[in-house]
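Following the hints, position chain B against chain A.
Those sequence lines, one after another, are chains A and B.
So for the first sequence, the working numbering puts the first residue at 1; every next one is plus one.
So for the second sequence, the working numbering puts the first residue at 1; every next one is plus one.
Please keep in mind that the hints were generated in silico from the structure rather than gathered at the bench.
All values derive from a computational prediction rather than experimental measurement.
Every residue gets a Cβ at the ideal spot worked out from N, C-alpha and C, and that includes glycine.
Among the clues, some could well be false.
Said to hold, decoys possible - Stretch-level coverage of chain B by chain A, calculated; a stretch enters the list once three of its residues show a Cβ under 8 Å from a Cβ in chain A:
#, region
1, 23-36
2, 64-71
3, 161-173
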Amino acid sequence: MAAKPIKVTISYCAECGYEPQTLELAGALMKAFGYKLAGIELIPWHEGSFDVLIGNELIHSMYREGGFPESADIIAEVKKRLAPQAAQVENAPA
Amino acid sequence: MTVSPEHFASGDTYTKYRDRILAEEGMVRDMLIASEAFLTSEKLDLAAFEAMPATVRVLVLSEDWCGDCTDNLPILDRIARDTGKIDLRIVSRDANLEIADAFLKYGKFRSIPLVLFLDEPGEVTGQFIERPESVTTLRAEKRAAIYVAHPEFGTPESYATLEPEVRAALGDALMAMRQETRAFAIAEVVRELGSIVSVPAKQG
Numbered sequence: 001m002a003a004k005p006i007k008v009t010i011s012y013c014a015e016c017g018y019e020p021q022t023l024e025l026a027g028a029l030m031k032a033f034g035y036k037l038a039g040i041e042l043i044p045w046h047e048g049s050f051d052v053l054i055g056n057e058l059i060h061s062m063y064r065e066g067g068f069p070e071s072a073d074i075i076a077e078v079k080k081r082l083a084p085q086a087a088q089v090e091n092a093p094a
Numbered sequence: 001m002t003v004s005p006e007h008f009a010s011g012d013t014y015t016k017y018r019d020r021i022l023a024e025e026g027m028v029r030d031m032l033i034a035s036e037a038f039l040t041s042e043k044l045d046l047a048a049f050e051a052m053p054a055t056v057r058v059l060v061l062s063e064d065w066c067g068d069c070t071d072n073l074p075i076l077d078r079i080a081r082d083t084g085k086i087d088l089r090i091v092s093r094d095a096n097l098e099i100a101d102a103f104l105k106y107g108k109f110r111s112i113p114l115v116l117f118l119d120e121p122g123e124v125t126g127q128f129i130e131r132p133e134s135v136t137t138l139r140a141e142k143r144a145a146i147y148v149a150h151p152e153f154g155t156p157e158s159y160a161t162l163e164p165e166v167r168a169a170l171g172d173a174l175m176a177m178r179q180e181t182r183a184f185a186i187a188e189v190v191r192e193l194g195s196i197v198s199v200p201a202k203q204g
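Chain A with its partners taken away, still in its complex shape (with noise of 0.2 Å):
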């Protein structure tokens, strides 16, 4: 059973001078999690929004959490959200 691939969004007030944060969060999803990863889509926005989802969960958002998200915490529900499908795996009939 193949798992279902999970996609990370990232998106940044391209006005606003987040490119930093967008590629430091980038590289450690890479880092972290290489091709189990199903993609890490870049979306340059508007009005100093910066709001990373996994699929099409809002996980931060720079609105309602304020601030930038600690590439630990996103990589953290990464794994929660990827572990279940891991353990589907390991355990479907040969």
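What follows is chain B alone, placed relative to chain A:
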């Protein structure tokens, strides 16, 4: 908070800031050009500045990526050129965090531009941070109206999940709204800056 004359003088003039921004192709350059072009045809109410008894030093904390800075620094430059009552210098916020942290927006954000009016000894006598609240409020109202008029845009939180074509249309609508509110924003910036330099009427 006091800014020494030497520190003030070490800042960039608007011309130097402008030359640096225009030297590099990209979005910030385009934004500055658009701001200056729009401002050219705007009539500004500069009475408060013209009434000032002397030229005042104004220090702005900025960063070269900042959109609110490309919006507002040309306004300050225009006031300076048209009235001769502002001596403008621009420094990096990130190189001046001690100053930035003394003037946090809402007590917690290092928002820029941070515009500081200085008296003769360099003491800060007034400040302007980022943009007027009236502009933020108007844009929030207009933003909400966009979502009402276009259900296909979803909610302000859902933009990242929209199909790319729909998201691009939403982005265009937001940019158009910003352009529509530009004249109001300029007038409000001038009004708020003018209120800082206005001399209170003498009593009795």
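Results of checking the hints against the structure:
no.	hint	result
1	23-36	holds (count 3)
2	64-71	holds (count 3)
3	161-173	holds (count 3)
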